[in-house]
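Trainee: One-letter residues, chain by chain:
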Amino acid sequence: MAKDGLTEFRLVGTRPDRPDGLDKVTGRARYGADISAPGMLWAAVVRSPHAHARIVKIDTSKAEALDGVKAVITRADFPEGLTGEAWNLQENTMAGDRALYDGHAVAAVAATSAFVAQDAARLIEVEYEVLPHVIDVDDAIKPDAPVIREGAADATVPEGMPPNVVRYMEFGHGDVEAGFGAADLVMEKTYKTEATHQGYIEPHACMGQMGEDGRGEMWVCTQGHWFIRKMCTDVLGLDPAQLRVTPSEIGGGFGGKTTIFMEPLSLALSKKAGGRPVKVVMTRSEVLRATGPTASASMDVKIGMTKDGQITAGRAEFRMQGGAFPGAPVDFALMCGFAAYKMPAVEHIGYDVLANRPRAAAYRAPGSPMGAFAVESLVDEMCRELGLDPLEVRLKNAVHEGDKASYGPKFGSIGLEEVLQATKAHPNLLAELGPNQGRGMASGYWFNHSGDTSVSLAISEDGTAQVSVGTPDIGGSRASIALMTAETLGIDYEDVRVNVVETGALGVNEPTHGSRATFASGKAAVMAAEQAIGEMCRRAAAKWGIDPEAVEWVDGAAQPAGPNAGKFPPMTIAEIAAKMSSTGGPIAGHHESVPEGVGASFGTHVVDVEVDPETGRTTILRYLVVQDAGRAIHPAYVEGQYQGGAVQGIGWALNEAYIYGEDGRLQNTVFLDYRIPVASDLPMIDTVIVEVPNPGHPYGVRGVGETGITPPLPAIANAIHDAVGVRLRSLPMSPPAVLAALKAKE
Amino acid sequence: MHYHSPSTFEDAARLAASTTGVTRFLAGGTDVLVQMRAGMVLPDDLIDLKGIPGVADIQQTEDGGWRIGVAVPGIQLGAHAALVADWPGVVEGMELVGSTQVQGRATLTGNLCNGSPAADSVPGLVAAGATVEITGQDGTRTASVEDIPAGPGKTTLAQGELISAILLPPRGQNGGDAYLRFIPRTEMDIAVVGCAVSLTLDGDTVTAARVALGAVAPTVVLVPEAAEAIIGTTLDDAALEALAKAASAACNPIDDKRGTVAFRTDVAGVLAGRAAKIAYTRAKGA
Amino acid sequence: MSKTHVTTKVNGDTVEFLADPRASLLDCLRDNLGLTGTKEGCGTGDCGACSVTLDGTLVCSCLVLGVEAEGREIGTIEGMAEDKELHPLQRKFIEHAALQCGFCTPGFLVAAKALLDQNQNPTEEEVRYWLAGNLCRCTGYDKIIRAVMDAAAELRGEAA
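Those protein sequences? They're chains Y, Z and R, same order as listed. All letters in the first sequence, in the order written, are residues 1 to 746 by UniProt numbering. All letters in the second sequence, in the order written, are residues 1 to 286 by UniProt numbering. All letters in the third sequence, in the order written, are residues 1 to 160 by UniProt numbering.
So here's chain Y without its partners, still in its complex pose:
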């Protein structure tokens, strides 16, 4: 459990105020849309109202003639000849000969005000020839489905597959048939999940400026500005070194801000408008129609179990659509599905399928919630069939360090057993349940990620430190990185300032994604601090005239390492820093690598629900998240990740979904009908931080951001079954769906 100040550390594990807190409670913090510049223009984007249509003609003449319009662009303004992912990004930024989904951009304008830009956008005349469309993944995978794109399949797809299958995979180990043969119970069921949106409250926004010489600047809300730089310059055929990207504060991302949508438009418009900066701010409808969302899934799962609860074999066949481009996270869904179980034999088959929907972006543990919904629901069904305690079955089959993972490799240090034991011990499991109330549990998994990381650290003249990181702070990472840096340097938390810096200031960084910021930027900051400590020890050694190897760093000061090194009073960081100019110049440290030692994180959730049998409404009564954090650097923000992830999962389980009409148009394009949970929907979210330190990180950190969204989907399905005896195998488990299931049971 998180010890909250009772650890062996001075700062790690405490809960200080976050350094950016003041700016964020006073309205001073500047987000994507909060910037403006001299001469700035405003953009508006024309989007396809059709799910699938040939673009016959675009007439921009009326828009161009409108007073105040400075630039109009279409695909004709983009370079030709791109291939692979660069082409995908370009095609998604601006439609070519066909609009591939409702909301696909077809033209954009820049004008002297937002209203003029919107008026001009309405004057752009687009002639469409509407084509047949397909939305549902099970329809899209049919051999006679409308073809989204010829030749989009990669080399993994065998001959003869249906035309919209663009990636195919199969992997596994052991003799699956023998495993099913050895089971006392074999069950196979089909589960479906609908697409959901990340739902960050800040719509995408940027301001781009690009001169005729191809040199430019961008201010943008993003999880990763080096990704933005590369993708924008790829799409526009520019030199990445000539674009400087500065990240704004970011109003939520959850994976959805790791890629580009309208950012290149600001640069292309700016270039066409003589280099004037162009601001692009999406509306909420544009966000829902044309960014994110996650994939939708249709999944067959088969499991064999002995009557005492031992899993003998598993098979998963998942079909997922991620919009009109390849990239549905079917691979991750399969890899996470059985990850919590020791699998003597397992087979995974996956299809990545195109459909006329917006291109899926990463969403918190991409794929894992879908896989968990299928597997964790079926495990629960089988426990009920066999009369077994679902927690005991999970303990019995739990993976441990050294076990072969369901997806192949051997697990390093993991804390699933500890998570399950902490769950078992929690008082929520003893709460009494009334009529129409039920309890459900499920586990979830995320690998966690490292990636390109570059951090620099500089000691100031007064012995304080500045850390420059390239991972935008979405949820308190400035605080956690400052804690680890201060702990390492032996100085106060308040004496470390962590800055998120622009692309010109550091080597390449991957975004804040994959639960990596506190792990990777944190580890790199610690290593940069150690480098600076090494230099400070050298300065002290030079002053003392002893060998640098004979100096050690203790409590923020250099001191002789043992009596043989000489007898000198400790030299504090402030003393060393004050003299650095005369002892060799600035003292700094930096670290660039793909940090090794990522630690995976398991979590288990237990939810109590009440179902209104007359309306099908599900109310969350009690909710418990137990998850392995490795070590919680700032426990309050770890709890925040657990709670936020759980509530996104609750939304996905109960009411969030992309709803399409017969015409293939998205019907719920505002928050009124894209129903993310509101405060009055929820109880407090109880958390237990389990700490099985990750040996791959100097302070034991495991990423904690993603696992939490995974268990709620099956946990709530299991709880609804426990409450009223109906099994929902399709999301969302909205009141009409639950009521229909109850009526069908009668």
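The set of hints was computed from the structure by calculation and includes no laboratory data. Note that the Cβ used here is the ideal one computed from N, Cα and C, for glycine as well. Where hints are given, some of them may not hold.
Unchecked claim - Examples of chain R residues toward chain Y, derived with CB under 7 Å:
1) F17
2) D20
3) P21
4) N32
5) T36
6) G43
7) C47
8) I77
9) G79
10) F93
11) I94
12) A97
13) Q100
14) C101
15) A132
16) R137
To be verified - Have a look at the derived ranges for each label pair, beta carbon to beta carbon:
17) Y:P695 / Z:I254: 53 to 63 Å
18) R:K3 / Z:R67: 29 to 39 Å
19) R:E126 / Z:P152: 29 to 39 Å
20) Z:I254 / Y:E212: 52 to 62 Å
21) Y:S730 / Z:R67: 43 to 53 Å
22) Z:Q59 / R:Q118: 18 to 28 Å
23) Z:R141 / Y:R727: 54 to 64 Å
24) Y:G597 / Z:G78: 49 to 59 Å
25) Y:D300 / Z:D147: 48 to 58 Å
26) Y:P143 / Z:P224: 52 to 62 Å
Keeping the supplied structure of chain Y fixed, place chains Z and R upon it in accordance with the hints.
Mentor: Relative to chain Y, chains Z and R alone:
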């Protein structure tokens, strides 16, 4: 777009009659601004009624009824103790529209004129037997609330006519009303089904009742069969069952992003029973 | 399209601007007056990120026209801290880690202050329903509700 802020309803009516393009009236603005923002409605003329004297007033009429100005926001209705005591169902319907923030702006008149079959405040007004005062170029007339909506987004008001007040009848003795809606979340949704019941008791027996349903037909509907099912009863189980059946039978809903035909039909009956029980309790003075 | 001259008070200061009649109060605060602390999350009154007070009443500034501000008094997040002193809600939000990305925070603070200005002893349920029109996607609301309850306790003079 031209923004007008007339100082009398007569001026507003004349303005509206003289315009040739798209005209919208602005009361609270919580629908009009959203429609403008989405590009669904781009008015040429926007006539703000908030500058007209008296539009923010709630007044008790001589007969004991109520006259509610067109720009009275939900928050002001909820804060008016005497009105809440008389017509709790009407007020709770209005208070369910949107968030606390929306309550600071949204009005009964706007909710009615938006023409949504799912408007939360309208079933309560219909069940209450409320009327509206309509000002046109040639003077004023009154009409029943249920005669105003003509279908989704449409009203029976002619060009150059606008509502100048909502009129609630006197509550009288031993009366009670209630409004319930079903939404998937606990707040912030549009009603999937809504039901208002207003009734009067003599002792334990229901002597008069009106039942109105929302979101189950192209307009909010008054359901006399549902009222008949409980008139003359003590709201016993048989009466409640008949009420639910009548309410469900009156439904002519659609499948859409918010609910299904089957769901709406079932839940209309459920809510009718639940709302009737609350109205009954209120009529008993509890 | 001609613009309308508007004179209004924001956080106690008299200000003037020229409003496009289509522009919302939110647009005018952000783009005409440079008060970007008030955020746009939806533009449809569904998220509460643009919460301000208008003559003391909590509203979504995206649902008010800029021209309607004439002669009114507006309160925004920028005016919440008085004399450099943070409002207890602002302090409690930081202390309780009630913000992650911070984008919804100004709206939550303005809305929560409107609640505590009229009710210093709200129940958890009252806080949750009052704030139901403020969407937060990061926190799951738990720490926000705790921060508001704790700020209320402080305002009542109770030790936290």
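Trainee: Could you run down the list of hints and mark each one as holding or not?
Mentor: Do the hints match the structure? See the list:
Proximity of F17 (chain R) to chain Y is violated relative to the hint, the smallest CB-CB distance being about 14 Å (cut-off 7 Å). Taking 7 Å as the C-beta cut-off, the interface hint given for D20 (chain R) holds, the closest approach to chain Y being about 6 Å. Evaluation of the P21 (chain R) hint against chain Y yields a violated restraint, the C-beta minimum of about 10 Å exceeding 7 Å. Among the interface hints, the one on N32 (chain R) is violated; its C-beta lies about 11 Å from the nearest C-beta in chain Y, farther than the 7 Å criterion.
For T36 (chain R), the suggested interface contact is upheld, since its CB lies about 4 Å from the closest CB of chain Y, less than 7 Å. Taken as an interface hint, G43 (chain R) checks out: its beta carbon lies about 6 Å from the nearest beta carbon of chain Y, inside 7 Å. The beta carbon of C47 (chain R) comes within 6 Å of a beta carbon in chain Y, closer than 7 Å, and the hint placing it at the interface holds. The criterion of a C-beta within 7 Å of any C-beta in chain Y is met by I77 (chain R), whose closest approach is roughly 4 Å, and the hint holds.
Hint status for G79 (chain R): violated, given a least beta-carbon distance of 9 Å to chain Y, over 7 Å. Interface restraint check for F93 (chain R): the shortest CB-CB distance to chain Y comes to about 5 Å, inside 7 Å, so the restraint holds. Taking 7 Å as the C-beta contact cut-off toward chain Y, the hint placing I94 (chain R) at the interface holds, the least distance being around 4 Å. With a cut of 7 Å, the hint placing A97 (chain R) at the interface with chain Y holds, because the nearest CB-to-CB distance is about 4 Å.
Nearest Cβ of chain Y to the Cβ of Q100 (chain R): about 4 Å, under the 7 Å cut. The hint holds. Because the closest C-beta pair between C101 (chain R) and chain Y is about 4 Å apart, less than 7 Å, the hint holds. With a cut of 7 Å, the hint placing A132 (chain R) at the interface with chain Y holds, because the nearest CB-to-CB distance is about 4 Å. Nearest Cβ of chain Y to the Cβ of R137 (chain R): about 5 Å, under the 7 Å cut. The hint holds.
For P695 (chain Y) and I254 (chain Z), the Cβ-Cβ distance of about 59 Å falls inside the hinted range of 53 to 63 Å, so the restraint holds. Our hint of 29 to 39 Å for K3 (chain R) and R67 (chain Z) holds, since their Cβ atoms are close to 37 Å apart. Taking the beta carbon of each, E126 (chain R) and P152 (chain Z) are about 34 Å apart, inside 29 to 39 Å as hinted. Between I254 (chain Z) and E212 (chain Y) the CB atoms are about 55 Å apart, so this pair conforms to the stated range of 52 to 62 Å.
Look at S730 (chain Y) against R67 (chain Z): about 51 Å separates their beta carbons, and that is inside 43 to 53 Å. At about 24 Å, the beta-carbon gap between Q59 (chain Z) and Q118 (chain R) stays in the expected band of 18 to 28 Å. In this structure the hint that R141 (chain Z) and R727 (chain Y) lie 54 to 64 Å apart at CB holds, the actual value being about 57 Å. At about 58 Å, the CB distance of G597 (chain Y) to G78 (chain Z) agrees with the hint of 49 to 59 Å.
For the hinted restraint 48 to 58 Å between D300 (chain Y) and D147 (chain Z), the CB-CB distance of approximately 55 Å keeps it satisfied. A hinted range of 52 to 62 Å for the beta carbons of P143 (chain Y) and P224 (chain Z) is consistent with their spacing of about 55 Å.
When the structure is compared with the earlier hints, violations turn up for hints 1, 3, 4, 9 and for no others.
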